[in-house]
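Participant: Hey, can you work out the whole structure from these sequences and the hints?
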Amino acid sequence: MIEAKLRQLARSCYHQSLYRASKENGIQLFDNVTNLSGLQVVFLYWLELYSFLYDIIAKKEYPFLTDKYLENDIRVDAFLYYRKRQNELELAKSKEEQLRHKTKFKGKPGNQTYFDVEFA
Amino acid sequence: MDTKEINLEEFKNTLFDIQKLSYMIQDNKLPFTYNKESYRARMPSQGEKAEAEDYRSEKQIEFIQRPNCKTKAELRKILKENNVVDIDKLEAQSSHIKKQFKNLYLKLAPKFDEDKEGIQTEIDKINELQNELQEVSQEITKHLAPSLEDRLEGVYLEYLVYSCTEKLVEQDWIKVWNTFEEYKKDNSLLATRAVVCMTHLLFNVRQF
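Order-wise, the sequence lines are chains A and B. No gaps in the numbering here: position 104 of the first sequence is 104 in our numbering, and each next residue is one more. Add 120 to the 1-based position in the second sequence for our numbering, that's all there is to it.
To be clear, the hints were calculated from the coordinates, so they are not data collected in a lab. Heads up, a few of these hints could be off.
[Unchecked claim] The calculated lysine-lysine pairs, modelled on DSS-like cross-linking and capped at a C-alpha distance of 25 Å, are:
(1) B:K218 / B:K192
(2) A:K5 / B:K222
(3) B:K236 / A:K5
(4) B:K236 / A:K60
(5) B:K169 / B:K305
(6) B:K231 / A:K60
(7) B:K245 / B:K219
(8) A:K60 / B:K227
(9) A:K84 / B:K227
(10) A:K68 / B:K236
(11) B:K218 / A:K5
(12) B:K295 / B:K156
(13) B:K197 / B:K179
(14) B:K219 / B:K231
(15) B:K305 / B:K156
(16) B:K209 / B:K197
(17) B:K304 / B:K179
(18) B:K169 / B:K179
(19) B:K149 / B:K287
(20) B:K231 / A:K68
(21) A:K84 / B:K231
(22) A:K5 / B:K140
[What the hints assert, rightly or not] Calculated Cβ distances over 10 Å to all of chain A for the following chain B residues:
(23) F152
(24) Y154
(25) I198
(26) Q258
(27) T261
(28) G274
(29) V275
(30) I294
(31) D306
(32) T312
Backbone N, C-alpha and C define an ideal beta-carbon position, used for all residues, glycine too.
Facilitator: Have a look at this one:
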């Protein structure tokens, strides 16, 4: 319940602007600089995450991702997992590609190197 | 639900009203009222945390010398052997629900705003799973609550509540309880509210 409210605050225009100003101009976000409370730490996490998501929207990387999308926490959680999964799949694919292109030393069966890559 | 629980539920709701929350995150203190007087829970200093750690270590030595003191691992074994509950099975159930979650997330994520019905269908399924997961987690927590680890976490929290709850007297914030013994004897709703505030103020900060 509290986390949902923290997220609502973190994605608000006011707090996003404040967060941007704090990153660009060093404006202080909280009265205290050290010894942040758990609430503040979680709030900072969501500020950064929503800032990142607004950037993705601006870049139009995902056609379905909109400002309205961000208003629903479950959809946002779903997107974060979807994106993570996509990244993992891409990483696995690129590793597979690397393995396919690696060379073998002639006369030394089993010895392989990742340095002398021969592209097809 | 008894009156005390209802009051506590209302208290939690009013405490974290969105406007108040915006004000509360401004600093590392959480103000609240009790019997029309102002109180606050504040983040412990390094020294206060160290004191609470010391107290926890003291209690750990005391607890482990008691014949019925059980660690989480031991308690799991006892619960299983006596056919009370199989925590491993509950954890497997929890993992299974989480897997289902992930599949639903993959279906929900690429849906466009216009597909309101499709979005709602997936969200309803996710909410249902969320409730199931919460039930399983509560079941695990309830059964493992008497474990040494959980009791020590409780002891640590209580010590911080005692050290960091303050009352506004005229212009000054003063400690509510002068000694830890005094705090432990306090059965009023004030002590319960202070625990709620401290729990939220820390908000799993030890995990970060």
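Participant: Does each hint hold? Answer for all of them.
Facilitator: Structure-based check of each hint:
As the CA atoms of K218 of chain B and K192 of chain B are separated by approximately 23 Å, the hinted pair is consistent with the 25 Å bound. For the suggested pair K5 of chain A and K222 of chain B, the alpha carbons sit about 24 Å apart, so the restraint of at most 25 Å is met. A hinted pair counts as satisfied when its Cα atoms are at most 25 Å apart, and K236 of chain B with K5 of chain A qualifies at roughly 23 Å. Taken as a hint, the K236 of chain B and K60 of chain A pair is honoured in the structure, with Cα atoms around 21 Å apart against an allowance of 25 Å.
Between K169 of chain B and K305 of chain B, the direct Cα distance comes to roughly 22 Å. Compliance with the 25 Å bound is thereby established for this hinted pair. Between K231 of chain B and K60 of chain A the CA atoms are separated by roughly 15 Å; this keeps the pair inside 25 Å, and the hint holds. The hinted pair formed by K245 of chain B and K219 of chain B meets the criterion: a straight-line CA distance of about 13 Å does not exceed 25 Å. Of the pairs offered as hints, the one joining K60 of chain A and K227 of chain B holds, with about 20 Å between alpha carbons and a cut-off of 25 Å not exceeded.
Annotation: proposed proximity of K84 of chain A to K227 of chain B holds, straight-line Cα distance about 14 Å (limit 25 Å). With a C-alpha separation of about 12 Å, the suggested pairing of K68 of chain A with K236 of chain B holds against the 25 Å cut-off. Our distance criterion of 25 Å between C-alpha atoms is met by K218 of chain B and K5 of chain A, whose separation comes to about 23 Å. Using a Cα cut-off of 25 Å, the hinted pair K295 of chain B and K156 of chain B holds, with the two alpha carbons roughly 17 Å apart.
Taken as a hint, the K197 of chain B and K179 of chain B pair is honoured in the structure, with Cα atoms around 24 Å apart against an allowance of 25 Å. Among the hinted pairs, K219 of chain B with K231 of chain B is consistent with the structure: their alpha-carbon atoms are about 20 Å apart, no more than 25 Å. For a cut-off of 25 Å, the pair hint linking K305 of chain B to K156 of chain B stands: about 22 Å separates their Cα positions. A threshold of 25 Å between alpha carbons decides the hint, and for K209 of chain B with K197 of chain B the separation of about 12 Å falls inside it, so the pair holds.
For the hint pairing K304 of chain B with K179 of chain B, the CA-to-CA distance comes to about 15 Å; that is within 25 Å, so the pair holds. About 15 Å separates the Cα atoms of K169 of chain B and K179 of chain B, which keeps this hinted pair within 25 Å; it holds. Proximity of K149 of chain B to K287 of chain B is assessed by CA-CA distance (about 12 Å); at most 25 Å being required, the pair is judged to hold. A hinted pair counts as satisfied when its Cα atoms are at most 25 Å apart, and K231 of chain B with K68 of chain A qualifies at roughly 12 Å.
The suggested pairing of K84 of chain A with K231 of chain B holds, with an alpha-carbon distance near 17 Å, which does not exceed 25 Å. Between K5 of chain A and K140 of chain B the CA atoms are separated by roughly 11 Å; this keeps the pair inside 25 Å, and the hint holds. Every Cβ of chain A is farther than 10 Å from the Cβ of F152 of chain B; the closest lies at roughly 14 Å, confirming the non-interface assignment. At the 10 Å boundary, the C-beta of Y154 of chain B stays outside the reach of chain A, the nearest C-beta of that chain being 20 Å off.
For I198 of chain B, the condition that its CB be more than 10 Å from all CB atoms of chain A holds, with the nearest at approximately 33 Å. Under the 10 Å C-beta cut-off, the non-interface status given to Q258 of chain B relative to chain A holds; the minimum distance is some 15 Å. T261 of chain B, annotated as away from the interface, keeps every beta carbon of chain A farther than 10 Å; the closest lies near 17 Å. With a cut of 10 Å on Cβ distances, G274 of chain B stays outside the contact zone with chain A, its closest approach being about 17 Å.
With a cut of 10 Å on Cβ distances, V275 of chain B stays outside the contact zone with chain A, its closest approach being about 19 Å. In this structure I294 of chain B is separated from chain A by more than 10 Å, as the shortest Cβ-Cβ distance comes to about 20 Å. Distance check for D306 of chain B against chain A: the nearest CB is about 24 Å away, which clears 10 Å, and the non-interface claim stands. For T312 of chain B, the requirement that its beta carbon stay farther than 10 Å from each beta carbon of chain A is met, with the minimum near 17 Å.
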